[in-house]
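Enquirer: Fit chain B to the supplied structure of chain A, relying on the hints for placement.
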Amino acid sequence: MFLAIDFQSDIPIYIQLKQQIIAGIARGALKEGEELPSVRQLAQDIGINLHTVNKAYSLLKDDGFILMDRRKGALINSRENMAEEDFKFRLREEINPLIAQAFCKGMTEEELQLEIGEIYRSYSQGAER
Amino acid sequence: MNYEMIIWAIVIVFILILFIIKLVTPQIVRREIFFGVRLPKNLLGDLRLDDFKKAYLRNYLSLCGFYTLLFCVILAKIPNNAILLGGLIVFLLLSTWLYYLSHQRVMQFKQANEAYMLNRKQIVMVDTSFRSDKSKRPLPAKTWFIIPLFIIGFNLLAGYMAYDELPIVVPSHWNAQGEIDGGVFKTWGLVFLFPLVQIFITGFMFLLYQAVGWSKLQISTLNPADSRERNRIFRFRWGANIIFLNILILLVISLLNLFVLQLIPVNVPVLLFVQPLLIILVLLDILFMAVWTGQGGSRLNTGSVTYCQDNDMALDDDKDWIGGLLYFNPRDPALFVEKRFGIAWGLNYGNIKAYILIASLIAAFFLLGSLMELLLFY
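Listed in order, the protein sequences are those of chains A and B. The first sequence runs 1 to 129 under this note's numbering. The second sequence runs 1 to 378 under this note's numbering.
Honestly, the hints are just simulated from the structure, not real lab data. For clarity, every value in this text was computed on a predicted model and none was experimentally measured. One should not assume that every hint holds.
What the hints assert, rightly or not - Computed, partial: chain A to chain B, Cβ under 10 Å: (1) Arg-40; (2) Gln-41; (3) Leu-42.
Said to hold, decoys possible - Here are the simulated DSS-like cross-link-like pairs (lysine-lysine), alpha carbons at most 25 Å apart as the crow flies: (4) B:Lys-216 <-> A:Lys-55; (5) B:Lys-77 <-> B:Lys-121; (6) A:Lys-61 <-> A:Lys-18; (7) A:Lys-72 <-> B:Lys-142; (8) A:Lys-55 <-> B:Lys-353; (9) B:Lys-319 <-> B:Lys-121; (10) B:Lys-121 <-> A:Lys-55.
As the list claims (entries may be wrong) - What the simulated footprint calls covered on chain B by chain A, stretch by stretch (three residues with Cβ under 8 Å from a Cβ of chain A suffice, anywhere in the stretch; the number is not a length): (11) 203–217; (12) 263–277; (13) 325–337.
The beta-carbon is built from N, C-alpha and C at its ideal position, and this holds for glycine as well.
Isolated chain A (complex conformation):
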């Protein structure tokens, strides 16, 4: 799967890496058991510090998206292992300020749900393939 890292962006590179890998898993572009490049190789290909890639990988590992195998390196985890008990609580926390913004900008509840539905389907339909 392609990762496109934006060097001009305000979003730190390790966050970009993390978000794009999660999106890839959701879309089905990264399948269970697939190997990710080693930390060193990915850092060399992008041209960034090893710590940046390490940080992204350890965040992904903490959230259960990848596994660290001693021999094969970073592997995509299974969907079952990604499930998390208190995710809803975290989601609420993270999405809250965005919804507040949407409300202030005059979006209706319907419009907001339409947007969310569209994004969700872009992943769920991709994953079926």
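Expert: Just chain B, lined up with the frame of chain A:
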């Protein structure tokens, strides 16, 4: 019969091939890299680029062409090693200077059009599956190196078989007239001499092969899927070519070994010409690879010419390239990087490992020299 003139004729062919390699370099580089400058998409089809290229070719053909002609004529009249070495250095300086003039003109051209680049995303593309893809490998299998190992084993066996029959003093050097002018005492060291050289060469070639795999992945933002495939074929072909050259060089050394071991009768013309011809062959091979594949696979015909329509552009990394020739980026952990204006890969001179590597290679070269001496005289 004096074979020296023929050897110098081969030297002149060597110089002419070098001239052609430098001549075709602007034709084999990546589309988005022009005379060592990364161009944004809006400038790629610009007609003025053709003028830059024509101006370079005109200058090169007249200046370097005239110089090369002069150089060859002088060498033909006064065949001399010092003139050869000095002349080659002047040739490299002259051609690099001509390149640099074009590089600066393209730089100015880019700066004059930089409005396009403001406020645009600057993207670096990578592919997570590039190296782990089992069906489309970026390198031929390592097991091909069994062939060089087999050749080395064959040479050791030949030495073992020939040892008893060897005379007390074994002829080991021939002059340009084809007369024996050097010999060594028969020792077991002599049997290991050529295999030792072969082992060092194979080790070096294996390192090059690995470097092709390790080298930084550069995917064009213009059409990532197409660029990825070009990259893969580019690496695969060079990896295969390294193995091919390794085998070729080892076979030539085996031939020399068989001559010295007196397993086959010495054929003087073959003995004298096989090494200079090998150098010519390697140069021709590199020239062929460059024109056939291009940097990053730029000369491959993939049938895909469509570009993505979005506004992202590739990260502008011109500042990390000294004169568009040498990569110097201390923030980048990569060691091997595809050359911008040239053939195959170069080093990241901003990485301390580059200097360690160069020092190790020089050390290995001297180690080989002293090991050879040790084998022959002790």
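Enquirer: Confirm or reject each hint.
Expert: Hint by hint, here is what the structure shows:
Because the smallest distance between the Cβ of A:Arg-40 and any Cβ of chain B comes to about 7 Å, under 10 Å, the interface hint for this residue holds. A distance limit of 10 Å between C-beta atoms decides the matter here; for A:Gln-41 the minimum to chain B is near 7 Å, and the interface restraint holds. The closest approach between the C-beta of A:Leu-42 and any C-beta of chain B is roughly 7 Å, which is under the 10 Å cut-off, so the hint is satisfied. For the suggested pair B:Lys-216 and A:Lys-55, the alpha carbons sit about 21 Å apart, so the restraint of at most 25 Å is met.
Under the criterion of a C-alpha separation no larger than 25 Å, the hint pairing B:Lys-77 with B:Lys-121 is inconsistent with the structure, at around 59 Å. Our distance criterion of 25 Å between C-alpha atoms is met by A:Lys-61 and A:Lys-18, whose separation comes to about 10 Å. Taking the CA atoms of A:Lys-72 and B:Lys-142, the gap is near 19 Å; set against the 25 Å cutoff, the hint holds. For the given pair, A:Lys-55 sits about 24 Å from B:Lys-353 by alpha-carbon distance, which is consistent with the 25 Å threshold.
Proximity of B:Lys-319 to B:Lys-121 is assessed by CA-CA distance (about 17 Å); at most 25 Å being required, the pair is judged to hold. For the proposed pair B:Lys-121 and A:Lys-55, the alpha carbon gap of about 23 Å is at most 25 Å, so the pair holds. Check on the region 203–217 of chain B: 3 of its residues sit with their Cβ under 8 Å from a Cβ of chain A, so the three-residue criterion for coverage holds. Counting residues of the region 263–277 of chain B whose C-beta sits closer than 8 Å to any C-beta of chain A gives 0, which falls short of three, so the coverage hint is violated.
Counting residues of the region 325–337 of chain B whose beta-carbon sits less than 8 Å from any beta-carbon of chain A gives 6, enough to reach three: the coverage restraint holds.
Violation of the numbered hints given earlier is confined to hints 5 and 12; the remaining hints are satisfied by the structure.
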